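4 protein chains.
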Amino acid sequence: MLEDVVDQVIQFRDERDWKQFHNPKDLAISISLEAAELLENFQWTGSETDAPEKKISIVEELADVLIYSIMMADALQVDVNEIIKEKLKRNGEKYQVEKAYGSKKKYTELSK
Amino acid sequence: MLEDVVDQVIQFRDERDWKQFHNPKDLAISISLEAAELLENFQWTGSETDAPEKKISIVEELADVLIYSIMMADALQVDVNEIIKEKLKRNGEKYQVEKAYGSKKKYTELSK
Amino acid sequence: MLEDVVDQVIQFRDERDWKQFHNPKDLAISISLEAAELLENFQWTGSETDAPEKKISIVEELADVLIYSIMMADALQVDVNEIIKEKLKRNGEKYQVEKAYGSKKKYTELSK
Amino acid sequence: MLEDVVDQVIQFRDERDWKQFHNPKDLAISISLEAAELLENFQWTGSETDAPEKKISIVEELADVLIYSIMMADALQVDVNEIIKEKLKRNGEKYQVEKAYGSKKKYTELSK
Numbered sequence: 001m002l003e004d005v006v007d008q009v010i011q012f013r014d015e016r017d018w019k020q021f022h023n024p025k026d027l028a029i030s031i032s033l034e035a036a037e038l039l040e041n042f043q044w045t046g047s048e049t050d051a052p053e054k055k056i057s058i059v060e061e062l063a064d065v066l067i068y069s070i071m072m073a074d075a076l077q078v079d080v081n082e083i084i085k086e087k088l089k090r091n092g093e094k095y096q097v098e099k100a101y102g103s104k105k106k107y108t109e110l111s112k
Numbered sequence: 001m002l003e004d005v006v007d008q009v010i011q012f013r014d015e016r017d018w019k020q021f022h023n024p025k026d027l028a029i030s031i032s033l034e035a036a037e038l039l040e041n042f043q044w045t046g047s048e049t050d051a052p053e054k055k056i057s058i059v060e061e062l063a064d065v066l067i068y069s070i071m072m073a074d075a076l077q078v079d080v081n082e083i084i085k086e087k088l089k090r091n092g093e094k095y096q097v098e099k100a101y102g103s104k105k106k107y108t109e110l111s112k
Numbered sequence: 001m002l003e004d005v006v007d008q009v010i011q012f013r014d015e016r017d018w019k020q021f022h023n024p025k026d027l028a029i030s031i032s033l034e035a036a037e038l039l040e041n042f043q044w045t046g047s048e049t050d051a052p053e054k055k056i057s058i059v060e061e062l063a064d065v066l067i068y069s070i071m072m073a074d075a076l077q078v079d080v081n082e083i084i085k086e087k088l089k090r091n092g093e094k095y096q097v098e099k100a101y102g103s104k105k106k107y108t109e110l111s112k
Numbered sequence: 001m002l003e004d005v006v007d008q009v010i011q012f013r014d015e016r017d018w019k020q021f022h023n024p025k026d027l028a029i030s031i032s033l034e035a036a037e038l039l040e041n042f043q044w045t046g047s048e049t050d051a052p053e054k055k056i057s058i059v060e061e062l063a064d065v066l067i068y069s070i071m072m073a074d075a076l077q078v079d080v081n082e083i084i085k086e087k088l089k090r091n092g093e094k095y096q097v098e099k100a101y102g103s104k105k106k107y108t109e110l111s112k
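Protein chains in written order, with our numbering: chain A, 1 to 112; chain B, 1 to 112; chain C, 1 to 112; chain D, 1 to 112.
The set of hints was computed from the structure by calculation and includes no laboratory data.
The model shown is predicted, which means the values in this text are computed figures rather than measured ones.
Where a beta carbon is used, it is the ideal one built from N, C-alpha and C, also for glycine.
All the pointers check out, no bait thrown in.
Where chain C lies over chain D, by a calculated footprint (3+ residues, C-beta under 8 Å):
{"no.": "1", "region": "35-43"}
{"no.": "2", "region": "60-67"}
{"no.": "3", "region": "96-110"}
Build the full structure now, drawing on both the sequences and the hints.
Following this line, the structure appears as structure tokens:
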């Protein structure tokens with residue numbers, strides 16, 4: 001995440017004095033709720049996102065997931081960019097290219 | 001998101017030829033599933049995140065939410081930093097500082 | 001729900017002295033987590049449920065959603081059969097047959 | 001579930017000709033979305049459910065989870081009462097009374 005974007009999210013929170021509510025459990029709930037609002041756009045539909053109104057709604061809910069995720073990283077005092085890079089390393093061990101290439105299997109099902 | 005972090009996420013996907021699976025509907029499902037794995041860390045517990053093992057698990061699941069969100073932004077051909085900045089503007093209209101200050105009410109419940 | 005099935009669920013809980021953990025917030029989280037495990041069976045796939053292993057997993061996760069829902073109804077001291085009948089009435093007002101017939105629109109989008 | 005309640009749910013669906021939309025994947029998504037609406041009642045709050053308005057909202061969302069779960073069982077052609085009884089047996093093996101008594105540990109963490 002660009003530093004100024006992270007700063008804008010934190011500023012948005014602090015201008016409203018919301019940090020007091022941002023305990024990790026309720027932030028995890030909030031990320032889950034925003035993810036559901038994102039998913040709601042695909043209930044009873046296929047994957048198409050061309051309808052302008054639908055595209056806008058999807059992008060906005062995706063942004064809310066990201067915003068709450070940045071707020072949670074701040075609450076946990078971790079850096080979003082660092083934890084993504086770290087997790088990509090871990091995922092790379094679980095999903096080694098030669099085994100995972102072109103496969104949608106879960107790592108637990110990939111041939112050992 | 002830092003450009004090189006976004007690039008690393010996309011590279012991780014492309015090295016495994018996974019783009020073929022990344023339709024928006026299944027990506028929305030995936031974000032929702034990762035959000036649930038994040039939330040699972042708080043099932044039957046309070047909000048404390050001090051236990052080292054728990055902290056690691058929380059940070060890793062949060063990273064997975066962010067990674068899938070970056071992949072979805074790419075599938076939608078939008079820029080994560082841009083959509084966050086745009087949404088903060090929209091949220092700022094829904095949650096005006098003077099009304100939302102220190103309040104956890106939903107914007108629909110904030111005094112008009 | 002058949003009375004003896006509800007009784008079996010409550011007995012299962014009480015034999016393990018789990019009622020002490022069953023506050024409504026954590027039960028709501030648990031229902032959400034079981035719903036995600038159910039949904040995980042459809043990640044990266046279509047809707048087919050014919051593969052025996054997949055069918056078993058789907059049915060088991062659906063059962064867990066139902067079991068936690070029964071436990072939550074008990075924690076709220078409401079009767080599952082009653083609240084379903086009540087909600088069907090409410091939904092019937094929101095989705096009147098003549099407007100909702102053959103439509104997957106949300107009630108908020110149904111022609112007034 | 002009482003037979004007549006299950007019948008009322010199916011009748012509600014069929015009166016609106018909705019079975020055509022009820023593929024298992026979208027039903028799993030719907031259960032997940034209703035579970036999120038249930039959980040939303042506890043965002044930024046404790047577990048109290050005494051406020052009449054909140055209690056009504058919680059009960060209604062719980063009912064929606066149950067209604068969609070009944071519809072999914074019908075789509076899978078399984079009996080809700082049977083699958084609950086079956087799953088309680090399986091859970092009883094995973095959570096044996098002597099090991100699980102008074103413990104909120106996941107079965108994977110229970111002393112072997």
